[in-house]
Amino acid sequence: MPTHQVTPPLDSLVLYKSRPARVAALGEKIEIELEGGQTKRVRPKDIELLHPGPLRRLSELAPLEGELNAAWELLEGGETTLRELAELAFDAYTPASAWAVWQQVAEGLAFVGTPESIQVRPREVVEREQAERAAKEAAERDWRAFLERMAAARPAPEDVHRLSEVERLALGQSEHSRILEALGHPQTPESAHRALIQVGHWPERHNPHPRRCGAPITDIELPVPDLDEETRLDLTHLPAYAIDDEGNQDPDDALSLDGDRLWVHVADVGALVRPDSELEREARARGSNLYLPEGVVNMLPGLVTERLGLGLQEVSPALSFALRCDTDGEIRDIEIHRTWVRVTRLSYEAVEHRLNEEPFAALRAFTDRFRTRRFAQGASRLALPEVSVRVEDGRVNIRPLPRLMSRELVTDAMLMAGEAAARFCLEREIAIPFAVQPPPDSAEESTDLAGMYARRRGFKPTRLVLEPDRHASLGLERYTRATSPLRRYSDLLVHQQIRAWLDGVPPLDRAQVLERVGEAEQSSIAVRRGERLSNQHWKLVYLKENPGWKGQGVVVALEERRAVILVPDLALETRIRVRDAVTLNQSLRIAVNEVDLPDLSASFRTLG
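Residue numbers (full-length UniProt numbering): 1 to 608.
Please note: incorrect hints may appear among the correct ones.
[To be verified] Subject to a maximum C-alpha distance of 25 Å in a straight line, what follows is the list of computed DSS-like cross-link-like pairs (lysine-lysine): (1) K17 <-> K45; (2) K40 <-> K17; (3) K17 <-> K29; (4) K29 <-> K40; (5) K45 <-> K29.
These are calculated hints, taken from the structure and not from any lab test.
Can you make the complete structure from the sequences, with help from the hints?
Written out as structure tokens, the structure is:
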């Protein structure tokens with residue numbers, strides 16, 4: 001803005017919004033001519049006089065060769081006016097020389113100020129700013145070149161550091177990326193994920209979901225103490241069987257029969273992981289193991305599993321739950337002991353072929369009575385398709401999990417131990433987290449896929465609370481999780497509380513238990529979400545790499561103009577637009593249409 005208001009003469013050179021203008025007419029408002037012939041009526045305060053003229057046309061403001069640099073050296077550190085500087089640099093004060101000088105002032109390097117007062121800046125200031133401007137110009141050229149490489153999907157090796165900004169958005173660690181904004185992409189993790197794939201910074205298979213969910217992605221590196229000398233009941237004479245999936249790496253439970261008593265042996269993790277130890281705090285912060293198709297991230301150091309996993313050593317320390325089960329399926333005569341056990345490891349498939357042999361026939365009879373009671377008490381019979389998703393030697397393998405009676409046998413034995421632990425702690429007023437679940441909104445039980453799908457949607461998540469209550473889907477009135485302390489913090493906490501009572505020392509109080517459960521559950525939520533999204537990711541990778549995939553889908557729900565389809569072979573849920581009427585449980589032949597890995601979605605089409 002001008003420093004004072006003067007009515008400039010006709011045909012004078014004025015400055016209007018940093019642009020040169022010629023005064024073309026005078027009146028209540030001043031008419032000025034701008035470059036290109038455009039005219040405009042302005043107030044005197046909107047313009048600033050640079051030269052009184054005469055200036056007949058703006059084209060007279062041709063570039064001039066002068067001695068501005070010499071003038072700067074002569075006047076360095078002083079003050080001058082536009083007229084004096086023009087006369088010194090160009091030997092004349094004309095509209096063209098005035099404009100040439102003013103352009104230097106507007107540049108703000110060697111000269112700054114107003115037409116009446118121009119400061120001539122010192123050499124050190126000018127040189128410093130020249131260096132800063134040169135660096136800025138170089139950075140801007142580099143930025144433009146980088147954006148061109150990004151747009152062409154041809155990043156250079158030196159772009160890796162810059163792309164970490166996009167990675168942070170893709171991983172949910174920031175909400176904005178200057179790079180994506182400059183390229184016109186949405187500011188979302190999915191968009192960032194897509195951009196990183198497009199430029200080859202991430203391979204198409206890259207799984208960002210555990211980190212995006214905030215789940216831990218590296219194992220713990222903490223020292224593990226030695227086992228203390230403790231009195232233990234020697235049960236090594238009893239055959240004990242750890243029955244797991246083939247390839248299981250953390251066997252933490254095993255079964256024995258001792259006459260009419262069932263023993264459920266559980267890895268004695270509390271013997272090494274004491275309350276408030278560094279190991280315990282780290283396990284609490286993680287909540288549970290993270291099971292991914294590409295591998296497992298453990299809640300505890302691998303050495304804990306190596307020492308305590310049942311069947312990994314010739315003799316294993318265990319916390320063992322003894323119980324009887326009467327003809328009505330009720331649990332009786334509960335005992336819990338620190339023990340030594342000798343364990344044989346078997347797979348579900350191996351035991352499935354031996355269920356008519358002893359001791360497995362007797363074990364099955366034992367757990368069948370308990371199962372009958374659970375179903376009589378409303379336990380859910382959901383049997384929706386399940387699959388195992390593994391990335392092995394670079395290949396995605398998806399295997400349906402068959403419904404095995406051996407798996408049901410082990411599941412019920414573990415539930416028996418959980419009910420026994422809950423009752424044991426209740427009777428002794430030991431504070432522990434009880435697992436509770438309210439009944440579903442719909443009480444209808446069904447054996448068809450659509451019915452089971454609807455019933456599952458009606459169930460609310462299991463919660464861990466200090467007051468015992470019903471767990472609807474299990475059909476149990478009192479239950480706690482106590483058989484997976486190697487891989488789930490709440491089970492470890494139950495073990496620590498029981499061990500404190502067995503040792504005759506005060507267990508944690510209710511407030512302490514509640515605090516620990518709350519902390520671990522927050523972490524577990526991230527772990528479970530990371531697992532769920534990772535399984536979906538690798539299923540979609542499988543479909544992307546098998547574009548000719550065709551299979552069966554079952555209609556499990558109907559929406560407006562769309563059908564919800566469950567693909568049993570993939571345990572995958574999708575939605576398909578259908579032209580013709582379809583019915584629940586109708587089987588459709590479908591084919592994969594398109595897979596969008598960043599969006600974590602796939603579209604399918606029906607086949608005739």
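Is the hinted pair K17 and K45 satisfied, with a Cα-Cα distance of at most 25 Å?
Between K17 and K45 the Cα gap is close to 11 Å, so the pair holds against 25 Å.
K45 and K29 were given as a pair; does the straight-line alpha-carbon distance stay at or below 25 Å?
holds (10 Å)
Agreement of K17 and K29 with the hint, judged by alpha carbon distance not exceeding 25 Å:
holds (17 Å)
Does K17 lie within 25 Å of K40 when you go C-alpha to C-alpha?
holds (12 Å)
Agreement of K29 and K40 with the hint, judged by alpha carbon distance not exceeding 25 Å
holds (10 Å)
In the structure shown, no violation is registered for any of the earlier numbered hints.
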